[in-house]
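Chains W and S, in that order, are what the protein sequence lines are.
If you count by my numbering, then the first sequence holds residues 1 to 292, one letter each, in order.
If you count by my numbering, then the second sequence holds residues 1 to 273, one letter each, in order.
Among these hints, one or two may not hold up.
[Unchecked claim] In silico DSS-like cross-links for lysine-lysine, where the CA-CA straight-line distance does not exceed 25 angstroms:
| # | chain 1 | residue 1 | chain 2 | residue 2 |
| --- | --- | --- | --- | --- |
| 1 | W | K80 | W | K204 |
| 2 | W | K281 | S | K146 |
| 3 | S | K133 | S | K147 |
| 4 | W | K53 | W | K80 |
| 5 | S | K146 | S | K125 |
| 6 | S | K147 | S | K125 |
| 7 | S | K147 | W | K204 |
| 8 | S | K78 | S | K47 |
| 9 | S | K125 | W | K204 |
| 10 | W | K219 | W | K281 |
| 11 | S | K242 | S | K47 |
| 12 | S | K147 | W | K281 |
| 13 | W | K204 | S | K146 |
| 14 | W | K219 | W | K178 |
| 15 | S | K133 | S | K146 |
| 16 | W | K178 | W | K80 |
| 17 | S | K133 | W | K204 |
If you're looking for bench data, these hints aren't it; they were derived computationally from the structure.
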Amino acid sequence: MDRVRDRVVPVITILAVIVVAWYAFAVFMNAPFQRDLDRRAGETPTTMEFIGKTLSQPKPTMPAPHQVAQNFFENTFLRKVTSARSLVYHSWVTLSSTLLGFTFGTALGILIAVGIVHVIALDRSLMPWIIASQTIPILAVAPMIIVVLAAIGITGLIPKALISTYLSFFPVAVGMVKGLRSPDLMHLDLMHTYNASASQTFWKLRVPASVPFLFASMKVAVAASLVGAIVGELPTGAVAGIGAKLLAGSYYSQTIDMWAALVAGSVVAAMLVVLVGIVGKIVERSMGGRPA
Amino acid sequence: MLMTVNQATATRVDQNAVVEARQLGLTFQTNDGPVRALSDVNLTINKGEFVSFIGPSGCGKTTFLRVIADLEQPTEGKISINGMSPEQAREARAYGYVFQAAALFPWRTIESNVGLPLEIIGLPKAEQQERIKRTLDLVNLSGFEKKYPWQLSGGMQQRASIARALAFDADLLLMDEPFGALDEIVRDHLNEQLLRLWRQTNKTICFVTHSIPEAVYLSTRIVVMSPRPGRVTDVIESTLPKERPLDIRESPEFLAIAARVRDGLRAGHSYED
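Produce the complete structure using the sequences and hints provided.
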């Protein structure tokens, strides 16, 4: 009962508020066009009829929740996953470059962090560049990466993945610098009294101490990777992927398709973040973490 | 019945000397200017002794221990450990160090925490196991091998950290207020156990504390220090027998030594300002 009261009720309440607000907003956004249509057709619908019409336009300015839900359901569960209209298919295309980019990004981030922690010169010289790299709008960089790589013959998955890498290495690098520096002075002194070598201190102290930081930053990085993969699909004229779906939707004013693709993207993002969280929990548990 | 040993005789050159400090001084350079943490410390600690360092904070007792451990570098004078420089002694793993907090690695079980120095030295697995078992027995922690630090009480954690310091069998044990954060009941218990352990292993122990009863109860010799600059103001040789039940603390002999320590602390103007 407590669980229902403390968790389910607040969640449902917030969800209901969002849905109601969304409907109200949809009516408001779609009303001018509907009024226009009705005027031309010479119809004078009642208020209820009018509201019904605003929520069932084929190409609404703002699709209603049930339109998006229906589109999402049909394109996710009722189509063959190999079909070009299946959201599962598009999600998979985006997911594969997300995962590749995330793997690259995590590895690169860790590598940079190790360098920064161990080499004073890198600490001074690299960090400003890393921060600068993240202030550049990814939308501006993405086409250049694609074009440059295409010029040297690299096309397909890798360029898209590299844009994910570009976005995801940053949180990992920042988190891991903090993580590798997290052992307290007493632990470092302890290793010193054992006359431990730098690599022993690294593997036996710094690495295990950084694990919670790694997973926290990987959660951010995986979501950033997905954004990178979607953005990477926009300027490439990709025919598949959530980004391509968004682009096609905007060309043909298929607003419902666009919203459904957005929902698919957020579902994938949520699954990835949860997955990283679960792996993090398992690793922490196996490292003797106190069960929360 | 107190035997007063002045510093000149206490610092005699001795074959048995484990730690020898001569005119040792250490000045920290801080943003507020230089701070003399240690000044003109002359001290010889012999094999098998239990020496306590007592004084108010800022008197340099911890700094002195850290100099022995090669965690701080002296700026004046000389110090040798087993005839070696602190750095050589550290490289030879001549001492075990127990910190104010247990400082166990939270991701390691108790046995693998105790085994950490052994891994670093690179002992064979079988010998590691044997030593872990032996030292955990010594501190009464058998049966807790597979537990993680958070599953143990503060006193047990500190015992595990003592086991870790004992595991690689150095003859010298440096302890920096190891029981400072524990309540008095646990502290009494651990004091008793530490004495037993010292008698069993015949190690040389340097023990930093700010508790007069603890210093008197444990030590064969008590070094009283005072701050600004950190220096030795008195060295008191204990007349208590090696075998010490807890109630020895009510004996007149014990109280006399405690009074002398208190006098020494007062003489160092340590309670002013």
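Outcome of the hint check:
| no. | hint | result |
| --- | --- | --- |
| 1 | W:K80 x W:K204 | violated, 50 angstroms |
| 2 | W:K281 x S:K146 | holds, 20 angstroms |
| 3 | S:K133 x S:K147 | holds, 14 angstroms |
| 4 | W:K53 x W:K80 | violated, 31 angstroms |
| 5 | S:K146 x S:K125 | holds, 17 angstroms |
| 6 | S:K147 x S:K125 | holds, 20 angstroms |
| 7 | S:K147 x W:K204 | holds, 19 angstroms |
| 8 | S:K78 x S:K47 | holds, 19 angstroms |
| 9 | S:K125 x W:K204 | holds, 17 angstroms |
| 10 | W:K219 x W:K281 | holds, 12 angstroms |
| 11 | S:K242 x S:K47 | holds, 15 angstroms |
| 12 | S:K147 x W:K281 | holds, 19 angstroms |
| 13 | W:K204 x S:K146 | holds, 18 angstroms |
| 14 | W:K219 x W:K178 | holds, 16 angstroms |
| 15 | S:K133 x S:K146 | holds, 12 angstroms |
| 16 | W:K178 x W:K80 | violated, 46 angstroms |
| 17 | S:K133 x W:K204 | holds, 21 angstroms |
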